[in-house]
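For reference, the chains in residue letters:
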Amino acid sequence: MSGSDQAAIEPTLAVSGLKTHFFTKAGVVKAVDGVSLHVNPGEILGLVGESGSGKSITGFSILGLIDAPGRIVEGSIRYKGRELTTSSDEELRSLRGDRIAMIFQDPMMTLNPVLRIDTQMIETVHVHHRVSKAEALERARAALAEVGIPSPESRLKNYPHELSGGMRQRVAIAIAFINKPDLIIADEPTTALDVTIQAQILAEAQALCARTGTAMIWITHDLAVVSSLADRIAVMYAGRIVETGRTADVVSAPRHPYTQGLINSVPSHNVRGSRLNQIPGMTPSLINLPKGCAFRTRCPQAIDACLEPPPIREIGPGREVRCFNPVGVARPATAEAAP
Amino acid sequence: MSAEPLVSARGLSKRFVKKPDLAGRLAGHLGADVREETVHAVDHVDLDIKKGEVVGLVGESGCGKSTLGRMIAGLLSPTEGEVQFKGKPRDKLSGADARAARLAIQMIFQDPYASLNPRARVEAIVGEAPVVHGITTRSAMPAYVDDMMRRVGLDPDLKRRYPHQFSGGQRSRIGIARALAVNPEFLVCDEAIAALDVSIQAQIINLFMDLRTEFDLTYLFISHDLGVVQHITDRVVIMYLGRVVETASTEELFDGPNHPYAQALLAEVPRISTEKRSFHPIKGEIPSPLNPPSGCHFHPRCPRAFGRCRNEVPVLKEIAPGRYSACHLNDG
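These protein sequences, in sequence, are chains A and B.
Here the first sequence is numbered in the numbering used here, starting from 850 and rising by one per residue.
Here the second sequence is numbered in the numbering used here, starting from 16 and rising by one per residue.
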């Protein structure tokens, strides 16, 4: 499903102006600072960023999993038109694991080590649905089969430690899909896995979304993974989305200098054996961000206007960039945008 | 194949044996079938690395690539076989020769958080070894450390700091400075960039390439990231369950891998693409090295396996000049 006909269908999730700040002794950490995104049924949105860019906190905020000293200070999160930021804990709890599910990076942290797989899966069904134990067990078996686990009946009787890393992540994905959710937030689910297993998991996830119409937000630092999987990409830097668009557009013609830097630093985009095009400097501390555009100090294209925070601008259908001086756009555009 | 190899592995094997515990031994005395569990982490590996070469060692987790790297670096002693340095078996060396051979091979570790002593200042981390080995004197050490830090792109003013005061990329640089401080000829980099952010990875890869020319270094670059391996290595060695399945020059390998496992591995490298792709992953998972499959270790997952693969271990054969593959299919 493409993102172009977004006007016709109601998005599964629409986040606008989300700000999640952490009030620490050292200062206010603006982990998420004005993020807007949406994802449509059956669509996969890739949320890309480095560590500390706020991509995981965005995911946690959607699920209402932010603990003190963190707090959503502004913005709205609408799930099928329902506002989640003002929902009660009970309402959120009835959604989590049923309508909105999450897959975490480390499956050993999500699975309870002292319970068998079947116990954990049946529990997930019973929390949200009044069905018989036999029915719940059958759903568990079907969910395991769906994610490509061989002989699911016998795997149900296993404890998590008896399974390999790839199998555990499959079980975690099966648990996420078991109640046929409308939205899944996947936070770096393949980072800890080998390439061959990663490819298997990506294949399962892609097929499941297409088959069930589940919308998915795939959070990752790996542009290569997401470029082959996602319909649309949103790139985050220092708590803000700096560029969004259809995957093909973003990857073939990045407009934000940070996105361009990320793509250019990938070895396969460089002549073999040559020096890689590196982004200079390091990711800034969120407590002490540079004034104006947070990427300014590392940016090869920075101009005077960048001392002011750039607004996000639409540069094409469904294509937005937060930059005064975008890559491959003639300079005059920056003059009118500058104050 | 003109020059004599700088470092060679000859029939190198490492087995980790888990002895039965007390309960197991008691059960064994009572007649239960309790045996020692043996993991063949590395199984008769031969490897030659010439001076100035960058060799990539690739495989999935559990294939023995780190164990092989650690044996070559001298951090683990092999169960069988030997490591040769400049043509001489390293275990047979003694005195000054043995020390020189040890110093010449240094290792850079994966985790820049776990591989630096949290209680030591950078100055001590980088400067201790060269003083102990007489490469510099205690009084000249601060200047020596300054020089090393500058070479890896760190500000020498930071040398009184502790590791926790640095970012991941800076810590990587400290680990590299520590290895370089004893004038090595050969670096074993075990997933040295895997823990770093994407934008920092490129910086460290560039540093490795700069240092290679500056110090005339030879690398064994252990990585699961085939994109990086393709970029910086001259030759690639692919391992599966403790055995080498294919060795080839990087260009030839990425042009057309020979071994079915190499083909599958290369097909699954995530690349930045403008189109959604469909995945055709190889089935199954890497089997347990406690109980590896008979014959060719890859046969249960191999799309082209036939009868012989189940019974006979394929040997590594030269299929083109400088190119080796261990697969029965090559016998026609």
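Since the hints were made in silico from the structure, they are not lab data.
Keep in mind it's a predicted model, so treat the numbers as computed, not measured.
The beta-carbon is built from N, C-alpha and C at its ideal position, and this holds for glycine as well.
Warning: the hint list may mix true and false statements.
To be verified - Covered stretches of chain B, as calculated for chain A (at least 3 residues, CB under 8 Å):
| no. | stretch |
| --- | --- |
| 1 | 211 to 219 |
| 2 | 234 to 247 |
| 3 | 296 to 304 |
Here's how the hints hold up against the structure:
no.: 1; hint: 211 to 219; result: holds (count 7)
no.: 2; hint: 234 to 247; result: holds (count 7)
no.: 3; hint: 296 to 304; result: holds (count 4)
Comparing the model with each numbered hint stated earlier shows that all of them hold.
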